[in-house]
Structure formats: C-alpha cells, structure tokens
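Residue strings, one per chain:
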Amino acid sequence: MRQTLIDIALTLLCILLQTTIAQYLAVAGLSPDITLIWIIYLSLRRGQMTGTVAGFFCGLVLDLLSGADGMLGLAALSKTAAGFTAGYFFNENKTLQTLGSYRFILIILLVSVVHNLIYFIIFLQGSGAHWWQAILLYGVPAALYTAAVGLMPAFVFARRALL
Amino acid sequence: MRRVYEFLFLFKEYLVVGVLLAVSVALLALNDDAQIRTIRSLAVVSVGMLQDALGIIPNYFDLRRENHVLRELNVTLADEVNRLREARLENLRLRRLLGLKERGEFVFVAANVIGKNLQLLRNTVTLDAGERNGVRVDMPLVTENGLAGKIVATSGRFAVAQILYNKDIRVSAKIERSRVDGIIRWEGGPALALQDVAKTLDVQTGDVVITSEYSSFFPPGIRIGVVASAKGAEGSLFQSIDVRPAVDFSRLEEVFVITSVRDSERMAVEHKVRE
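Residue numbers (the numbering used here), protein chains in the order written: chain G, 1 to 163; chain H, 1 to 275.
Honestly, the hints are just simulated from the structure, not real lab data. All C-beta atoms in this analysis are idealised placements derived from N, C-alpha and C, irrespective of residue type, glycine included. Be aware that a few hints might be false.
To be verified - Reference excerpt, derived from the structure (chain H facing chain G, CB under 8 Å, subset only):
#1 V4
#2 E6
#3 L10
#4 K12
#5 V16
#6 V17
#7 L21
#8 S24
#9 V25
#10 L28
#11 N31
What the hints assert, rightly or not - Pair by pair, the computed Cβ-Cβ distance ranges are:
#12 G/L137 - H/L73: 22 to 28 Å
#13 G/L16 - H/A29: 27 to 33 Å
#14 H/G18 - G/L16: 27 to 33 Å
#15 G/L137 - H/E13: 30 to 36 Å
#16 G/V156 - H/E80: 48 to 54 Å
#17 G/L162 - H/M1: 38 to 44 Å
#18 G/F155 - H/N82: 49 to 55 Å
#19 G/H130 - H/T38: 30 to 36 Å
#20 G/H130 - H/A26: 42 to 48 Å
#21 G/I121 - H/G18: 40 to 46 Å
#22 H/L89 - G/H130: 54 to 60 Å
Unchecked claim - Straight-line distance between alpha carbons at most 25 Å, and here's what the computed DMTMM-like set of lysine to aspartate or glutamate pairs gives:
#23 H/K116 - H/E144
#24 H/K231 - H/E270
#25 H/K167 - G/E92
#26 H/K199 - H/D181
#27 H/K231 - H/E187
#28 G/K94 - H/E13
#29 H/K167 - H/E234
#30 H/K272 - H/E234
#31 H/K12 - G/E92
Required output: the full structure, derived from the provided sequences and hints.
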C-alpha cells in the first residue's frame with residue numbers, strides 16, 4: 001500500500017515536471033516525455049496492468065492540462081497503449097537488470113515511437129497533413145530525445161544493480 | 001460463473017486496456033461537452049499559474065538560439081550602420097558640391113572619376129564627362145573643397161584631367177589675406193610649392209592660397225590650399241613655401257568641370273600680344 005502511494009505521488013510529480021520543467025529542456029521545439037519514461041518504468045517494475053493504468057491516468061491529466069482546445073482523450077489513449085506495450089517487457093525476476101541496461105533505452109525508444117505513432121495518426125486526422133511526415137519530423141526525434149533523457153535513470157539503476 | 005471470472009482474470013490486462021482505450025475514445029468523442037470544457041479550463045488555469053511562477057527559469061537551449069539570432073542581427077545591423085554612414089558621407093559630399101554649384105558664378109558639369117593614372121610625376125584622372133557634356137581642354141576641375149586640376153584631353157564621353165599633383169601643371173595663385181602673388185606647382189611630395197614669392201613679402205603659415213586673376217584658365221578666388229610652411233631659402237631672393245592642397249586627391253570621386261570660365265575676348269587680346 002505504501003509503495004502504491006509513493007508511486008502515485010511520484011506519478012503526480014512527473015506530471016508536474018512534464019507540465020512545468022520539460023519546456024525548459026526543449027530543443028528545436030521538442031521536449032522529452034518525462035511521464036512516458038515514468039510509465040515505462042512502472043510497467044517494467046510493477047507489471048503491465050500498473051503501467052497501463054498509470055498511462056491512462058497520466059494521459060488523462062495531461063489532456064486536461066493541455067488547453068481548452070486540445071483533444072481530450074488523445075494523450076490518455078496513446079499513453080495507455082504505451083504503458084500496455086511496455087508491459088510486454090516486464091520480467092519480475094530481471095527488473096533491475098532491464099532498467100539498468102541498454103534494454104531500458106531501447107524499450108523507451110520503441111514505446112515512444114508507438115506512442116507518437118498513435119498520437120500523430122489521431123491528431124492529424126482530417127487535417128490533410130501526412131502522419132508519416134509528422135512521425136519523421138517530430139515523432140522519431142522526440143522519441144530519441146526521450147530515450148536520451150532515459151539514460152539518466154538507466155545509469156542510476158545500473159549502479160544499483162551493481163551494488 | 002467461476003469459469004468466467006477465471007477467464008477474465010487470465011486476460012485482465014487486455015480487459016483493462018480495452019476499457020481504458022474505450023474510455024479514451026469516448027473522451028475524444030466528447031471533446032465539445034461544456035462540462036469537460038469547464039474542467040479543462042480550471043486545470044489549465046491552475047497549471048498556468050504554476051508555469052507563470054516558474055517563468056523566471058531560463059531555457060538554456062532557447063537562450064543559445066536567441067543568442068545566435070541576436071549575433072546574426074548584430075552583424076546585419078552593423079553592416080547597415082556602415083552603409084548608412086557611407087551614405088551620409090556621400091550625402092554631405094554631394095550637398096557641398098550642390099552648394100558650390102548653387103553659387104551660380106560658373107557653369108559646372110558634374111563628372112565622376114572613373115580612372116586614375118598615377119605615373120609618378122604626371123598624375124591624371126579620367127572623367128565620365130566629355131565633349132558631349134561641353135567639356136573642353138584647359139577647363140578647370142574643382143571639387144567642393146577647391147581646385148583639383150585641369151582638363152588636358154577630351155573625347156565624346158570622357159575627359160582626362162591633370163591634377164595638381166602633376167609636374168606639368170602651373171597655377172597663378174595668391175595669398176588670400178595679404179594678396180601676395182605666386183605660382184603654384186608641384187615637384188613631388190605631399191605639398192605643393194608656391195613659387196616666385198619674394199622674401200620680403202608677407203606669407204604666414206595657415207594663410208589660404210587661392211587662384212589669382214592672372215590665370216588664363218582658372219577663375220579667380222578658388223581655394224587651392226593652405227600654407228603649411230614658409231621660410232626664406234638660403235642664397236635665394238625667394239621664399240620656399242609649402243602649400244597643403246585643399247583637395248584630398250586620394251579620395252577624389254565626384255568633381256565638377258567649370259565650362260564657362262574662359263573669356264574669349266581676353267584670350268584673343270592676350271594671344272594677339274604674344275604674336
């Protein structure tokens with residue numbers, strides 16, 4: 001129970017960081033998706049179900065905060081799918097090994113691409129813009145940036161795995 | 001029933017993700033709902049206040065980009081300032097030329113210096129005005145600062161002029177203050193020489209030298225330069241006077257040819273006497 005409360009608190013903290021601090025890390029208009037890294041972490045640490053629910057919750061809150069003209073439910077949908085996808089890599093016996101290795105970065109990269117793919121396909125519906133162009137121009141670079149930011153927790157987990 | 005529960009438990013992840021995805025899609029369909037808009041507005045206001053409070057944190061990447069843009073802007077503006085400065089100087093120069101032209105004493109033909117032929121002691125300039133513009137041989141060449149030289153050759157569209165830094169040119173001159181006469185010539189070096197001025201005559205450093213009435217080619221009263229030094233030469237009856245030219249020949253760009261100076265009657269009488 002205590003662990004659940006800590007996870008909820010940290011989830012809220014990540015959302016707060018995403019909506020406030022992440023903009024200061026923007027490069028060429030692209031910000032790292034801190035909440036996505038957190039969702040992937042929860043999926044790998046606590047399982048697919050937790051990751052999926054956390055993804056929905058984070059996405060919903062981000063949707064609510066994205067402005068009155070944003071598409072409510074879009075982030076919830078894409079982050080739910082991201083949490084669910086990341087859950088496939090959950091292995092209870094190798095949690096720290098996964099989080100502390102290059103596999104964590106590869107998972108972030110893969111899940112980010114899936115997340116951005118869903119996001120842009122829905123987001124650009126009816127706009128006349130090509131979703132694959134948006135993926136190439138924004139989705140993939142944003143996924144790479146998020147994966148790069150994911151290196152930091154990966155190093156932390158790598159050290160903990162060694163101890 | 002138990003089997004159903006077991007089945008649902010076995011696929012609980014899929015069940016949950018299915019429900020959550022369905023809720024998400026439903027929310028997407030309900031985007032225009034008034035209540036949802038209100039909730040979102042409240043959420044946005046809350047986060048907006050927080051973001052406003054954090055607005056003092058600078059974005060490193062944005063600052064770098066802004067710095068880069070400002071540097072580029074700085075270079076562009078510096079270039080523009082240089083061009084404007086040049087335009088201002090040109091404007092001043094042209095205004096002075098215009099002022100000279102508006103004196104109305106002479107008829108001027110404006111010309112640009114399109115070539116310089118600096119052959120040691122016989123320096124000339126080529127002008128983009130010629131006989132078609134009324135330019136003839138022996139006509140004086142002036143700038144807004146004073147006398148520059150004399151036309152020595154012409155064609156339809158071009159003319160060549162000797163400048164004062166030419167060993168072949170002679171100009172009847174006088175000291176503006178004391179009315180002492182002399183001949184201006186150049187013998188090399190940065191200064192002109194005012195010659196044939198007796199040691200007893202009043203010439204001082206800083207005196208302005210102008211063209212005199214005795215010249216057949218140059219109208220009187222045109223500034224030639226300023227006396228830089230005047231001293232009595234040993235073993236001579238005359239002074240050695242250096243005159244700093246009024247015209248800066250290294251920056252000769254726009255000039256005027258005086259086309260109305262020659263008094264044909266006077267020229268004819270003088271010519272008759274010489275014969």
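* Which numbered hints fail -> 1, 2, 3, 17, 20, 21, 24, 25, 30
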